[in-house]
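Enquirer: Take these sequences, add in the hints, and give me the full structure.
Going down the list, the sequences are from chains A and B. Yeah, the first sequence ends on 113 if you go by this note's numbering, and it's all consecutive. Yeah, the second sequence ends on 614 if you go by this note's numbering, and it's all consecutive.
Just to be clear, a hint being listed does not mean it is correct.
Stated by the list, open to error - The calculated lysine-lysine pairs, modelled on BS3-like cross-linking and capped at a C-alpha distance of 30 Å, are:
#1 A:K100 with B:K552
#2 A:K100 with B:K561
#3 A:K81 with B:K538
#4 B:K561 with A:K86
#5 B:K538 with A:K62
#6 B:K563 with B:K517
#7 B:K552 with B:K563
#8 B:K511 with B:K563
#9 B:K538 with A:K100
#10 B:K538 with A:K73
#11 A:K100 with A:K62
#12 A:K100 with B:K563
#13 A:K62 with B:K552
#14 B:K511 with B:K561
#15 A:K73 with A:K62
I should point out that these hints are in silico values taken from the structure, not numbers from a laboratory. None of the values given here were measured: they were computed from a predicted structure.
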Amino acid sequence: GQNIDQPTEMTATEGAIVQINCTYQTSGFNGLFWYQQHAGEAPTFLSYNVLDGLEEKGRFSSFLSRSKGYSYLLLKELQMKDSASYLCAVRERRKLSFGAGTTVTVRA
Amino acid sequence: GAVVSQHPSRVICKSGTSVKIECRSLDFQATTMFWYRQFPKQSLMLMATSNEGSKATYEQGVEKDKFLINHASLTLSTLTVTSAHPEDSSFYICSARGGGGTSYEQYFGPGTRLTVT
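Expert: Set out below in structure tokens:
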């Protein structure tokens, strides 16, 4: 199985940048995902990395280093609606496992 | 993106009864469906994986006789919680993955909040 670690909580100001780190250990890496989840709702897909490097998608970017077992999600120009839980998920073969999630609170 | 629906969104049942939750992929054929459970302030825990027409594969610690999964078609999977108890109260989320296109991506349903009294 995987050990997926990410910080529990982060707080940032509207308009700022926040970086959420995720480290993992797996024997059959087959992709890393980031999801956003608002309270009481299902996760929504943000990004997918399977090769090393940075994937940029609008205000959100995700980075992966397979050799280090490390990824981060970068949120730019934070908006109040970005307050949510951000889940790092690792696919090992065909199974997707989730970290505990990082609750991001955006303050005015 | 692809749409996955779940029904019901909320259900309250009495202890000892059974509850069925439906998961449908609305605009694609889901070759694989996943069932997750999420307790408050915790992450999603995979319960089982099902492929259309075959038996589900359950994760360690998940009772297959208590959580019955049926994946009868490429667009429908059901999870039945049998003889529910208060400790089964949780947020149940299904996820579906298609066979082509962006097959790496899993699409999540909106979840079902189960409360057992």
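Enquirer: Between the alpha carbons of B:K511 and B:K563, is the straight-line distance 30 Å or under?
Expert: holds, 16 Å
Enquirer: For a C-alpha distance cap of 30 Å, please report whether B:K538 and A:K62 respect it.
Expert: Cα-Cα ~28 Å, so holds.
Enquirer: What's the verdict on B:K552 and B:K563, does the C-alpha distance respect the 30 Å limit or exceed it?
Expert: holds, 15 Å
Enquirer: Given the hint that A:K100 pairs with A:K62, test it: the Cα-Cα distance must not exceed 30 Å.
Expert: holds, 25 Å
Enquirer: Would the hint linking B:K561 and A:K86 be met if the CA-CA limit is 30 Å?
Expert: With a Cα-Cα distance of about 39 Å, the restraint between B:K561 and A:K86 is violated, given a limit of 30 Å.
Enquirer: Is the Cα-Cα distance between A:K73 and A:K62 30 Å or less?
Expert: holds, 23 Å
Enquirer: CA of B:K538 to CA of A:K73, is that 30 Å or under?
Expert: holds, 28 Å
Enquirer: Straight-line Cα separation of A:K100 and B:K561 no greater than 30 Å?
Expert: Judged against 30 Å, a Cα distance of about 18 Å means the pair holds.
Enquirer: Hint check: B:K511 vs B:K561, CA-CA at most 30 Å. Holds or violated?
Expert: holds, 21 Å
Enquirer: With a cut-off of 30 Å on the C-alpha distance, tell me whether B:K538 and A:K100 pass.
Expert: Satisfied, since the Cα-Cα distance of roughly 22 Å is no more than 30 Å.
Enquirer: Would you check the hint for B:K563 and B:K517, treating anything up to 30 Å between C-alpha atoms as holding?
Expert: holds, 12 Å
Enquirer: Take a quick look at whether A:K81 and B:K538 sit within 30 Å of each other, Cα to Cα.
Expert: Roughly 25 Å between the alpha carbons, so the hint for A:K81 and B:K538 holds.
Comparing the model with each numbered hint stated earlier shows that hints 4, 13 do not hold.
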